[in-house]
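Participant: Letter by letter, the chains look like this.
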Amino acid sequence: MIWISVTLSAIAQIFLKQGLSKLQKNRTSGGIGSMILGVARQPYVWLWGICFVLATALWLLGLQKLDLSYAYPLVAFGYVLVNIMSALFFRESVNRNRWMAVAVIGLGVMLIAGS
Amino acid sequence: MNSNIANTEAVSSPLLIEEAAKWEPRSLRGLLSQWWVPFSASSIFVVFGHLLIKSGLGAAAFTATSGSIWMRVLHCALQPEVAAGLLVYMLGSLCWMIAVAQQEISFLYPLSSMNYVLVVFASSAFFHESLSAKRLSGVGLIVLGMILMNRKGRVSEQ
Numbered sequence: 000m001i002w003i004s005v006t007l008s009a010i011a012q013i014f015l016k017q018g019l020s021k022l023q024k025n026r027t028s029g030g031i032g033s034m035i036l037g038v039a040r041q042p043y044v045w046l047w048g049i050c051f052v053l054a055t056a057l058w059l060l061g062l063q064k065l066d067l068s069y070a071y072p073l074v075a076f077g078y079v080l081v082n083i084m085s086a087l088f089f090r091e092s093v094n095r096n097r098w099m100a101v102a103v104i105g106l107g108v109m110l111i112a113g114s
Numbered sequence: 000m001n002s003n004i005a006n007t008e009a010v011s012s013p014l015l016i017e018e019a020a021k022w023e024p025r026s027l028r029g030l031l032s033q034w035w036v037p038f039s040a041s042s043i044f045v046v047f048g049h050l051l052i053k054s055g056l057g058a059a060a061f062t063a064t065s066g067s068i069w070m071r072v073l074h075c076a077l078q079p080e081v082a083a084g085l086l087v088y089m090l091g092s093l094c095w096m097i098a099v100a101q102q103e104i105s106f107l108y109p110l111s112s113m114n115y116v117l118v119v120f121a122s123s124a125f126f127h128e129s130l131s132a133k134r135l136s137g138v139g140l141i142v143l144g145m146i147l148m149n150r151k152g153r154v155s156e157q
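Just so you know, the protein sequences line up as chains C and Z, in that order. Number 30 in numbering that gives the first Met the number 0 belongs to position 31 of the first sequence; there are no gaps in the numbering. Number 15 in numbering that gives the first Met the number 0 belongs to position 16 of the second sequence; there are no gaps in the numbering.
Check the hints yourself; a few may be wrong.
A short, non-exhaustive set of chain C residues, derived as facing chain Z with CB atoms under 10 Å [what the hints assert, rightly or not]: (1) GLN12; (2) VAL38; (3) VAL108.
Calculated Cβ distances over 12 Å to all of chain C for the following chain Z residues [to be verified]: (4) GLN33; (5) VAL36; (6) PHE38; (7) SER39; (8) ALA40; (9) ILE43.
Quick list of the computed label-pair ranges, beta carbon to beta carbon [said to hold, decoys possible]: (10) C/PRO42 <-> Z/MET89: 17 to 23 Å; (11) Z/MET70 <-> C/LEU65: 17 to 23 Å; (12) C/LYS64 <-> Z/GLY29: 29 to 35 Å; (13) C/PHE89 <-> Z/LEU73: 34 to 40 Å.
Since the hints were derived computationally from the structure, they do not count as laboratory data. All figures in this text were calculated on a predicted structure; none of them were measured in a lab. We put the CB at the ideal spot given by N, CA and C, even for glycine.
Please put together the full structure from these sequences, using the hints given.
Facilitator: Here it is, written out as structure tokens:
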């Protein structure tokens with residue numbers, strides 16, 4: 000339950016970034032009203048919302064049975080997923096050092112999962 | 000007027016000159032245009048929100064053991080503390096959205112791991128959860144990973 004929630008959250012972040020990046024490219028005028036409207040009209044932002052709601056629902060169910068200090072750090076697995084997906088989909092350059100850091104975080108998550 | 004906004008941004012976030020140049024003149028100014036302000040606010044809201052949620056779920060656990068999965072979710076979400084926690088958490092997400100619009104995800108996301116340290120120690124303090132050496136070293140590794148990630152491979156240094 001917690002793992003599905005974490006994966007959905009990471010996917011949600013990718014959708015959000017995609018949506019906001021598209022928005023940034025298309026923007027022509029200022030105004031907070033038009034910005035909010037623009038955000039609300041972005042399909043990717045909607046996808047983010049759906050993933051976010053599902054992830055939150057699963058999170059609540061999972062958290063009911065687990066320690067917060069156990070479940071919450073497992074979300075760090077999202078770093079691993081987001082780095083992989085950012086590199087794949089946005090072609091953000093992820094260098095070797097960052098991959099090493101991702102590996103360290105992954106190790107930490109595994110330790111917590113086994114605690 | 001528009002050029003004024005663009006100038007302020009370039010000065011207030013020198014690490015993001017490239018981003019700022021790409022970013023059209025926009026309406027979110029002042030504090031919110033400096034990514035670390037919405038980011039820090041998001042951190043505080045997210046941690047506090049989760050403490051509220053967990054606290055409320057403890058009460059819900061006694062009454063919601065059966066029923067369909069969505070009814071259980073609804074039951075949980077309607078606990079006053081859970082609802083308040085979710086609201087605070089949403090506020091944190093809003094701040095996160097504002098920060099994410101200004102910085103790359105693979106840069107901001109690792110920084111938010113500070114939330115995990117805060118949550119773990121707060122869980123121990125408020126809910127008396129026992130922190131095993133394994134769990135603490137796991138969190139330590141996450142923080143180490145965060146530091147590694149932010150020392151090298153910053154967006155602005157590439």
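Participant: With 17 to 23 Å as the target window, see if C/PRO42 and Z/MET89 comply at their CB atoms.
Facilitator: Once the Cβ atoms are compared, 21 Å apart, the range 17 to 23 Å for Z/MET89 and C/PRO42 holds.
Participant: Can you verify the interface hint for C/VAL38: is its Cβ closer than 10 Å to any Cβ in chain Z?
Facilitator: With Cβ-Cβ at 8 Å, under 10 Å, it holds.
Participant: For the hint 29 to 35 Å, verify it against the beta carbon of C/LYS64 and that of Z/GLY29.
Facilitator: 43 Å, violated
Participant: Just checking, Z/GLN33 versus chain C, shortest CB gap more than 12 Å?
Facilitator: For Z/GLN33, whose nearest Cβ neighbour in chain C is about 17 Å away, the distance exceeds 12 Å, so it holds.
Participant: Are Z/MET70 and C/LEU65 spaced within 17 to 23 Å by their CB atoms?
Facilitator: 20 Å, holds
Participant: Taking the shortest Cβ-to-Cβ distance between Z/SER39 and chain C, state whether it exceeds 12 Å.
Facilitator: At about 19 Å from chain C, Z/SER39 clears the 12 Å cut-off, so the statement holds.
Participant: Test the statement that Z/PHE38 is away from the interface with chain C: the closest C-beta pair must be farther apart than 12 Å.
Facilitator: About 14 Å separates Z/PHE38 from the closest Cβ of chain C, which puts it past 12 Å; holds.
Participant: Once the closest CB in chain C is found, is it more than 12 Å from Z/ALA40?
Facilitator: The assertion about Z/ALA40 holds, with a minimum of 17 Å to chain C.
Participant: Check the non-interface label on Z/ILE43: least C-beta distance to chain C beyond 12 Å or not.
Facilitator: 15 Å, holds
Participant: Taking the closest pair, is the beta carbon of Z/VAL36 still more than 12 Å from chain C?
Facilitator: 16 Å, holds
Participant: Does the nearest C-beta of chain Z fall within a distance shorter than 10 Å of the C-beta of C/VAL108?
Facilitator: Hint holds; C/VAL108 Cβ to chain Z Cβ min 7 Å, cut 10 Å.
Participant: With a cut-off of 10 Å on the beta carbons, see whether C/GLN12 makes it to chain Z.
Facilitator: At 6 Å from the nearest chain Z Cβ, C/GLN12 passes the 10 Å test, so the hint holds.
Hint compliance for this structure: hint 12 alone is broken.
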